[in-house]
Structures are given as C-alpha cells and as structure tokens.
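Number of protein chains: 2
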Amino acid sequence: MDKFQAYVEANRERFLVELQDFCRQPSIAAQNVGMREMADKVLARLDKLGADARLVEVGEGAPVVYAEIGSGPRTLMIYDHYDVQPAEPLDLWESGPWEAAIRDGKVFARGVADNKGNLVNRIQAVEAYLATIGPLPLRIKFVVEGEEEIGSAHLPQFVRENRALLEGVDGCLWEFGGKDINERPQLWCGLKGDVYVELHAHGAKRDLHSAYAAIVGDPAWRLTWALATLKDAEDRILIDDFMSQVRPPTAAEVEALTTIPFDEEKERTALGIPAFINDRTGVDLVKKYLYEPTCTICGLYSGYIGQGSKTVLPNHAFAKIDFRLVPNLSPDLVVDLLKKHLARRGFDDIQVTLVETGLEVARSPLDSTVVCAAVEAAKAVYPNEPIVYPTSAGSGPMYPLCQALGIPAVSAGCGWHDSRGHAPNESIRIVDYFEGMLFIRELIDRFAAM
Amino acid sequence: MDKFQAYVEANRERFLVELQDFCRQPSIAAQNVGMREMADKVLARLDKLGADARLVEVGEGAPVVYAEIGSGPRTLMIYDHYDVQPAEPLDLWESGPWEAAIRDGKVFARGVADNKGNLVNRIQAVEAYLATIGPLPLRIKFVVEGEEEIGSAHLPQFVRENRALLEGVDGCLWEFGGKDINERPQLWCGLKGDVYVELHAHGAKRDLHSAYAAIVGDPAWRLTWALATLKDAEDRILIDDFMSQVRPPTAAEVEALTTIPFDEEKERTALGIPAFINDRTGVDLVKKYLYEPTCTICGLYSGYIGQGSKTVLPNHAFAKIDFRLVPNLSPDLVVDLLKKHLARRGFDDIQVTLVETGLEVARSPLDSTVVCAAVEAAKAVYPNEPIVYPTSAGSGPMYPLCQALGIPAVSAGCGWHDSRGHAPNESIRIVDYFEGMLFIRELIDRFAAM
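One line per chain: the protein sequences are A and B, in this order. Residue numbering for the first sequence follows numbering that gives the first Met the number 0, beginning at 0 and increasing consecutively. Residue numbering for the second sequence follows numbering that gives the first Met the number 0, beginning at 0 and increasing consecutively.
Be careful, since some hints might not be right.
Since copy identity is lost for identical chains, a pair holds within one copy or between any two.
Cut-off 25 Å, straight-line C-alpha distance, at most; resulting in silico cross-link-like pairs (DMTMM-like, lysine to aspartate or glutamate) [to be verified]:
| hint | residue 1 | residue 2 |
| --- | --- | --- |
| 1 | 265 | 233 |
| 2 | 338 | 231 |
| 3 | 338 | 234 |
| 4 | 204 | 179 |
| 5 | 339 | 234 |
| 6 | 287 | 348 |
| 7 | 204 | 264 |
| 8 | 204 | 266 |
| 9 | 204 | 233 |
| 10 | 287 | 240 |
| 11 | 339 | 233 |
| 12 | 204 | 278 |
| 13 | 286 | 384 |
| 14 | 204 | 98 |
| 15 | 339 | 231 |
| 16 | 204 | 262 |
| 17 | 338 | 233 |
| 18 | 47 | 67 |
| 19 | 204 | 348 |
| 20 | 204 | 90 |
No wet-lab data here; the hints were simulated from the structure.
Put together the whole structure using the sequences plus the hints.
Below you can see the structure in the form of structure tokens.
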C-alpha cells in the first residue's frame, strides 16, 4: 500500500462522516430548499482544502462555487453540482433520504450518487494527494453549481459573466459515472440535450360533482387526448416535424456502439421488465438508448388521487414532460414544434409551460487528451476494462460550460449499476467510493503528464 | 306565523348549532374516517326524537341507522346518508371543511349539502311537528346509511337481511335536492346508475432516471394510450358494444324534458365555461345531461407532481374513472365491456379494479303518490313553481332500496344551485334550510292525506 492509499485508509472514517454530513443537508433545487446552506458548506470545504474558493452570484440563481488550486502547464476543470433531485415518493425510502444511513456497505441518501458522492470524493482525493504526494502537477478549477437538477438555467450566464475564470482549461472531468451491471467502469464523452415542460388543461371554475360530466368538459380527458397525439404505442414521437430534424448517427457513431457491451438479460432482470421497448436487442437497443430522442411523461395529475372513490369532475389536469434530445434537436425548437403541433390539432387551450430552460446536446472527441487520460487512469485502477461511451443517455450543461468553449469533457465517477439516481433508495457502495479516489489521483498524474 | 313556524323560529339557534355539530364530525367513507362516531350521533338524535332507533350491522360495512316513528295508514321512508365525500383538495377551502363556519347567510362544510343538511333538517322538522301539531299522521321509517359516497356497497345486503323493516312502505323521500339557478325548487324522480373503477399501469420495478425512457416503457404513456381508446374528443364513448346497449329515451321521456327550464347562459357563467360539451343547447343539452351515460376521469396520477421538475421515469400510473349509467347499462356489464375492450387492443397489462360495486339505474313513475305529494308540498311552500325531473344526472342506491321493492321515490332538499357538492366550499343557505323544514311538514300532511 502506497502513502496515498495509506492516508485514505487512515482517514476512512472521517471521509465517510464528511460525505454523510453533505448528504444530510437537503439541497433540492426544484423546491428551493437548503440551497444557500449547501453552497456555504461546499465553499467552506474547498477553502479548508487550501483552494482559492469563492461564491459567484449569478442573477437570481443559486450561486456557483468556484475554486482554484495547484499550478502547472495543464488545467483540469472539475464540474460537480451541489443540488439534488426531490426525494419524493418518500414512503418508498427504506431509510430517510436525508439520513445518509450506512448499511450493506453502502451509503443511502438522496443525492449521494447524483452527485454529492463524486463532489466530496474528488475534494478528499485532492486533500490526500497534497498530504502524501505533494503539490499538484496541474491547475484544478472546481465549478460546482446548484441548479443542475433543474436544467442549469443560470450556468450559461455564469460562463458569460466569468469568461476569464475559464480561460486556459484543457479538459474537464464531468460530474457522474460508475460501474455497469458487470462491474466495468464507464466513461462518458457526451450528453443528450434536454427540455422539460408542463402541459396544463383547465375546465370549469372549480371542481364539480361528476354528474355534470355529461355536459361540462373534463380537463383530464382533454389532456389525455392532447398527450395521445404526441407519441404512439410503438414509441414513435408524432410531433409534427420532430423526428425529421433528427440527424441519424453516422457510420462511425454506429461503429462506436459495437464496442459497448450491454448485458440485456441482467439489465432486464434488474429492472423487472419483460422486454425493452419494441423488443429491441443488441446494437439496435444501444443505438436507441444513446442516439434517439425521448418524450417521457414524468408526472401526471388531475382530481382525486387518494384512497377509494371521489366522484368529482376535476377542473385542472397537468402533465410534466421531459424530452431528451440528440443532434439536431434543440430545446427551443422542440418547444416551438410542440406548441405548433397542439395548435394545429385544436389544442390551443392546452397551456405549455417551460419548466427548465433546456440543455443543448454535447459530444467530445473520443481521442481528446482528457478522454485518453481518463481511459488510462481507469485501466490503472480498475480490474475490468473501461467502456467508452460516445454519449450518455442523460443530460447536463456540458455544451455551455465545455463544448461552446472548446473544452473536451469526460464523465466518470463512483456510482454503481443500481445507484438509483432520481429514485428512492439512491446509493453508492463504499468500496467504489474509495476506489474512486485512486482514479482521481491517477487522472491528475496522467492528464498532467500527457 | 303558525305554531310550527314559531317553534322553528324560537329554536333557530339550537337547530343551527346541531347542524354544525353534525358537520364537525368527519365521516369520510372512502377513507374510513369517523364512521362509527357519526353513526352513533345519528342514532342518539333519532332516539332523542322519540323514534324507535337502532344500529343495523351489515357485514363489514358501516352500520345503517334505522328508526321508526308515528303511525297511520301510510308509511313514508326517509332515506339519508351520514357519510360524506373526502374534503381534498384542502387548500381550496376558504374555511376548514370540518369547521362548519357560518358566513354570508350560509353554512360551509364538507357534507352540509350532501347530505347532512337534509338529514338533520328532516329530523328537526319532525321534532317541530310533534311539538306543535301533534302525533304524526303517518309512519316514518328513517334509513340512514354510511356508504352512499362509496357506492352503497352493503345496502342491498341490508335490504335482503331486513326485508321485514321495509314492509308496507308507500313512498320514499330521497336524500337530495334544492333550488336551481333561478330559485325554482327541483324534484327528482330517478337516478342514473354508476360504477367507479381504477385503471393501473405498471413499469419497471421502481422509478428510474428518465434517461432510461429511450428503452424502458413508461406506464404513464401506457395509461394515456389506453384511456385515449375509451372516449374521443367529441365526447363519444368508444368502448366496444357500450353505446349500442343504451336504450334511447322514448318519445314520452323526451317530451318530459320540454317542461324543464335550463338557464344555459346563467349556468355557463356560473361554471365559467365558454360552452357546454359539443356546443349543445336547448332540449338537446338537457337530454344529454339526463339521458346519456358518462365516462369521467375523476383522478389521474403518475410520477412527480410537486413543484418544478423531476426527471423521473415513473413505474406506476393510475386513473380513477366514473361511469354514470342510463337504461340498459348495468355496472357489471360496463366493467365487462371495459375489460374486453382493453384486452382486444392489447392492453391486457392495464389492471382494472372495481372501487365501488356499482349502482343500477332507477326511475319512479311521475304520477305516483309520493311524487304528487311532493309537488303539492313544494307549491305550498315555495314562491316558484317546482320543476319535476324524470331523473337526476346523479346516482344513488334508489334501485335496491326502492324500485326493486316497488316503492316510488322522489328527491327534494334544501340545497341551492351553488352548493358545490363533492367540491371545496360546499354550502347550504340558512334561509333554504328553514324553508326546507316547512316543506317536510307539508309533505307529511299531504302524503298522509292522499
């Protein structure tokens, strides 16, 4: 065991307690809960690390925590976020979402996988580096925002207003990652775009006795009919002029998929589903996962949803819809197409509200230095070969923070295949957590040396 | 002012306090809240009235309160229920649903219009009759059940097991009624049938990050697609073999509608809607209201419905659906047709759950004695002519309790056009409440004398 590993081992208890402490502070961007408290906590930790850390206010948004440490010819940006998803539905958590309970070698908490685990892990890894190896061989710029889970609305403004801080960055370590169902570390070189809207239908002034439904319109029906025009049971998105905008993957992009193992049987069993959509398998399945857009109903509400019956004619219904985007779909375009599609079908009465400003698609070159350094670091640390994905099926502000500035990015982290991001009983495994610190050490050395 | 009126006036305060007391005891059948407490309160009040009152247990159901008082050649059954609808959505109430606040000459409470107002009003009217006029000229049988708002599941069993109690009944005063938007008293001689189901769709074992939606099915979509096959945007119910079962109204039934005034303009304004369904007007509108079946989404739920965004792929979605039935649709038939319809379209995965056992359609002859007595009583008490409806658009257990036993029934009560039954801010007007007691006095006298 080298000095770095020995230090991590010696401080294991303190590192875990610190992670729990971060997880116990709720920081739910969607509900504006605990954001300032969490930003202060991150700031204090980076300060304690010895970094030149500050809170950067961006309009009315949650502040960005920015910090610099180290020096050298190369500069690595580390992007994380201190906000988390809402914890609902609360009754499905086996231990409280803000309890950060440890059991079965795991830490369970809302946000522990996405992304407080990586956030704390990376800071602690730098602490261990400084304590055992010496000064950093490169400059690290931490950018930790507080609105990732609500679409990073203010990050483009942060970039515009703080361009000088982001000068000279050679590559970026993105916020998430982990091991797949066969324990192979995953590296992600791109993200889908995203836009999140609400559709609202309204009826009478107030809820009515359902006997009225013979002559007074039901907004829950109205919403249902409008939704049914957006996607069909074969999962085809039917929004006018939507699919025709999608640039099909190039031959090289399809070729890149063939190196990606995807254990369909294990995944299906873990998810508890009889088949993937349209019975897709093999490269076709992975292609759909990574290269096709989505239109997902994330939430649906109208009327009475309690126990038993209430014979009510509701006066309001809404759906929350998430679109994941691929080239050449942009958030603005999708909202525009959606509104036109509904209007053309007589659904002008359905209100379309933008919940998040939206995120553009981002892809980094697979041969960029930061990707190569991450592959080497992963090979050095993990027993299994890393898998390099041209893009993730998820989203984030990689376009404004990296691609628009010409900065290649790669995403890697300490999650596992059952981390349950955005869902109840979110967790990371403690063994992955400490292995992740070794990966950060290797990434620092290799990226500095390349 | 005669002695009856003087007594009511002298006891006005006490009568209102008693009504408030009944409203302050929650008795939500759907949530099994306060049922036994409420039954005991009704029992005690009927006992205090001098009636021979008892609780009749019926299987696992809420007990029926049964009471007899008076004697004479005629017997009038008075049907009420002591259960109420759930109070949700709570945040839309201006005063608490269990507060029974009095303001602007009204009592506001969950259940005050449907049907505790009439329940207490009728008992108090009998008290006033006995105190001022003398012994009753007929026998009254009170049947007060506790499951009306959940489909009166145990009432048929009550009838089967207590047939002797219901012997010799000549007519029934049903639970509800009131004045329309132009202050005309309404009398109802029939009810639509009703059946209430839930449709459930399931996805993966648990909620997932919405990035998975490219390859894992979304139950909210599945439910949407299934629902969209049930009814179209022209309000046509599309369930196979459903509409073909509907017996069209006879010429006489349509003729009866022409005497029913319906102030469309006022109703539309009060409801805050631009038009009735399919822009129906005139007799066509009333015909649809009273003689056509409905298929109403009363509740809709999936995933995240809180503030802002949560990018989640839900693993469960459900809808609560209420069908109002006309001849010759029965609850069993409708559930059977619904299941077959879904299965035929490949929606076998959608679970159909019966929430209420269902209610058959009921219609009483318009020339029956109890209807004639009610018309005369209304004419004697109210300044405006009563309107006689062949049927209500609402539902209730009139078939098992009355029609199956050959007992004609008529419904009348002390509600008003904005009583908001089943909705927030339910109310009755105090002036209607005390006028309603005069109506009961007249009905007793006229029904006994006819």
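Structure-based check of each hint:
no. : hint       : result
1   : 265 to 233 : within (24 Å within a copy, 46 Å between copies)
2   : 338 to 231 : both (18 Å within a copy, 21 Å between copies)
3   : 338 to 234 : both (20 Å within a copy, 23 Å between copies)
4   : 204 to 179 : between (51 Å within a copy, 18 Å between copies)
5   : 339 to 234 : both (21 Å within a copy, 24 Å between copies)
6   : 287 to 348 : between (33 Å within a copy, 24 Å between copies)
7   : 204 to 264 : between (51 Å within a copy, 15 Å between copies)
8   : 204 to 266 : between (47 Å within a copy, 12 Å between copies)
9   : 204 to 233 : between (37 Å within a copy, 21 Å between copies)
10  : 287 to 240 : within (19 Å within a copy, 39 Å between copies)
11  : 339 to 233 : both (23 Å within a copy, 21 Å between copies)
12  : 204 to 278 : between (45 Å within a copy, 18 Å between copies)
13  : 286 to 384 : within (21 Å within a copy, 72 Å between copies)
14  : 204 to 98  : between (43 Å within a copy, 24 Å between copies)
15  : 339 to 231 : both (18 Å within a copy, 21 Å between copies)
16  : 204 to 262 : between (52 Å within a copy, 18 Å between copies)
17  : 338 to 233 : both (22 Å within a copy, 22 Å between copies)
18  : 47 to 67   : within (12 Å within a copy, 82 Å between copies)
19  : 204 to 348 : within (15 Å within a copy, 36 Å between copies)
20  : 204 to 90  : between (33 Å within a copy, 15 Å between copies)
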